[in-house]
Amino acid sequence: MPHDDHDHPHALLPPEPALRVKALETILTRKGLVDPAALDELIDAYQNKIGPQNGARVVAKAWSDEQFKKDLLEDATSVVTDLGFYGRQGEHMVVVENTPEQHNMVVCTLCSCYPWPLLGIPPGWYKSDAYRARAVREPRKVLAEFGVTLPPETAVRVWDSTAEIRYLVLPMRPEGSEGLSEDDLVALVTRDSMIGTGLPKVPT
Amino acid sequence: MSTCVTYTAPEPAFAEPWHAQVFAITVALNEDGRFDWSDWVARFSATLKRRGLDRELDGGDDYFNAWLETLEHLLAEQGATAQEEISDFRNAWEEAYLTTPHGEPVRLAPRD
Chain A
1 MPHDDHDHPH ALLPPEPALR VKALETILTR KGLVDPAALD ELIDAYQNKI GPQNGARVVA
61 KAWSDEQFKK DLLEDATSVV TDLGFYGRQG EHMVVVENTP EQHNMVVCTL CSCYPWPLLG
121 IPPGWYKSDA YRARAVREPR KVLAEFGVTL PPETAVRVWD STAEIRYLVL PMRPEGSEGL
181 SEDDLVALVT RDSMIGTGLP KVPT
Chain B
1 MSTCVTYTAP EPAFAEPWHA QVFAITVALN EDGRFDWSDW VARFSATLKR RGLDRELDGG
61 DDYFNAWLET LEHLLAEQGA TAQEEISDFR NAWEEAYLTT PHGEPVRLAP RD
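Those sequence lines, one after another, are chains A and B. Taken in order, the first sequence gives residues 1 to 204; the numbers are from my numbering. Taken in order, the second sequence gives residues 1 to 112; the numbers are from my numbering.
The hints are simulated quantities; they were obtained by calculation from the structure and are not laboratory data. Think of the CB as a built atom: it goes at the ideal place given N, C-alpha and C, for glycine as much as any other residue. Check each hint, because a few of them may be wrong.
Computed from the model, here is a short list of chain A residues facing chain B with C-beta under 10 Å [as the list claims (entries may be wrong)]:
| hint | residue |
| --- | --- |
| 1 | 10 |
| 2 | 13 |
| 3 | 21 |
| 4 | 34 |
| 5 | 38 |
| 6 | 101 |
| 7 | 130 |
| 8 | 136 |
| 9 | 138 |
| 10 | 149 |
| 11 | 151 |
| 12 | 154 |
Assemble the whole structure, with the sequences as input and the hints as a guide.
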């Protein structure tokens with residue numbers, strides 16, 4: 001049976017909110033308030049260029065260069081801006097360093113504030129009510145669900161992002177990564193390790 | 001020393017095309033100075049809170065539905081769009097999808 005012709009004689013109807021978004025875009029375009037080409041560019045940038053690879057570069061640099069790390073912890077915004085990682089939701093960035101004494105974890109309890117220039121668009125779980133509520137209430141339990149078990153002597157500190165301040169976690173450099181180049185280190189830095197819900201990969 | 005670690009393929013930034021579209025519209029309007037980001041965050045947080053009262057929202061469709069509602073309200077308040085206009089164009093798009101043969105690009109019928 002010719003599947004296509006029978007089941008989809010016409011174009012597939014998108015879901016209700018998609019139709020409303022299309023309506024908004026049409027209206028705003030006709031009024032000259034948005035430019036569809038500019039929207040495509042924005043989407044392309046967030047889909048392909050702006051993502052955790054940027055944050056991973058920053059972390060790898062901090063692992064390789066003591067002075068860079070010092071500057072980063074003192075004034076992350078200007079340091080990452082110098083690397084070209086600036087823009088929307090990156091106006092004021094703070095880097096918090098994991099140590100054997102303290103593990104850091106980031107949440108936005110109000111909505112989903114996140115350092116876009118360094119990590120891109122947050123994953124679904126970061127935006128969920130469940131994570132936003134539980135990260136503060138029971139961080140160790142949430143960490144365990146992400147597969148992270150910390151030694152009991154390591155304290156967990158949760159940082160609540162706002163429209164004004166975005167946090168990035170600087171994870172501890174994994175054991176066995178001595179002597180690796182900055183490029184090789186980048187590959188060890190996962191997105192979750194920079195949110196604090198994961199640890200960097202260990203070199204194999 | 002060589003390593004064979006590779007960067008795992010990231011998840012797509014947006015799960016649905018309309019998530020990306022409503023996101024881009026909002027960011028573009030903000031960049032044009034139509035509203036402050038902190039104002040957006042306050043409004044969006046309020047929508048999430050209200051919608052999350054009776055059930056737990058997920059970070060996908062629930063989240064972007066709240067986003068869309070916030071944007072619609074903000075634009076209506078600013079007088080940029082009218083509710084009637086939105087339903088009008090929404091219906092026009094629906095009609096376009098239902099009357100465009102499968103596989104062909106969907107476009108709005110020209111209007112007078």
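Status of each hint after checking the structure:
no.: 1; hint: 10; verdict: 5 Å, holds
no.: 2; hint: 13; verdict: 5 Å, holds
no.: 3; hint: 21; verdict: 5 Å, holds
no.: 4; hint: 34; verdict: 5 Å, holds
no.: 5; hint: 38; verdict: 6 Å, holds
no.: 6; hint: 101; verdict: 28 Å, violated
no.: 7; hint: 130; verdict: 6 Å, holds
no.: 8; hint: 136; verdict: 15 Å, violated
no.: 9; hint: 138; verdict: 15 Å, violated
no.: 10; hint: 149; verdict: 21 Å, violated
no.: 11; hint: 151; verdict: 25 Å, violated
no.: 12; hint: 154; verdict: 25 Å, violated
Consistency note: the structure conflicts with the earlier hints numbered 6, 8, 9, 10, 11, 12.
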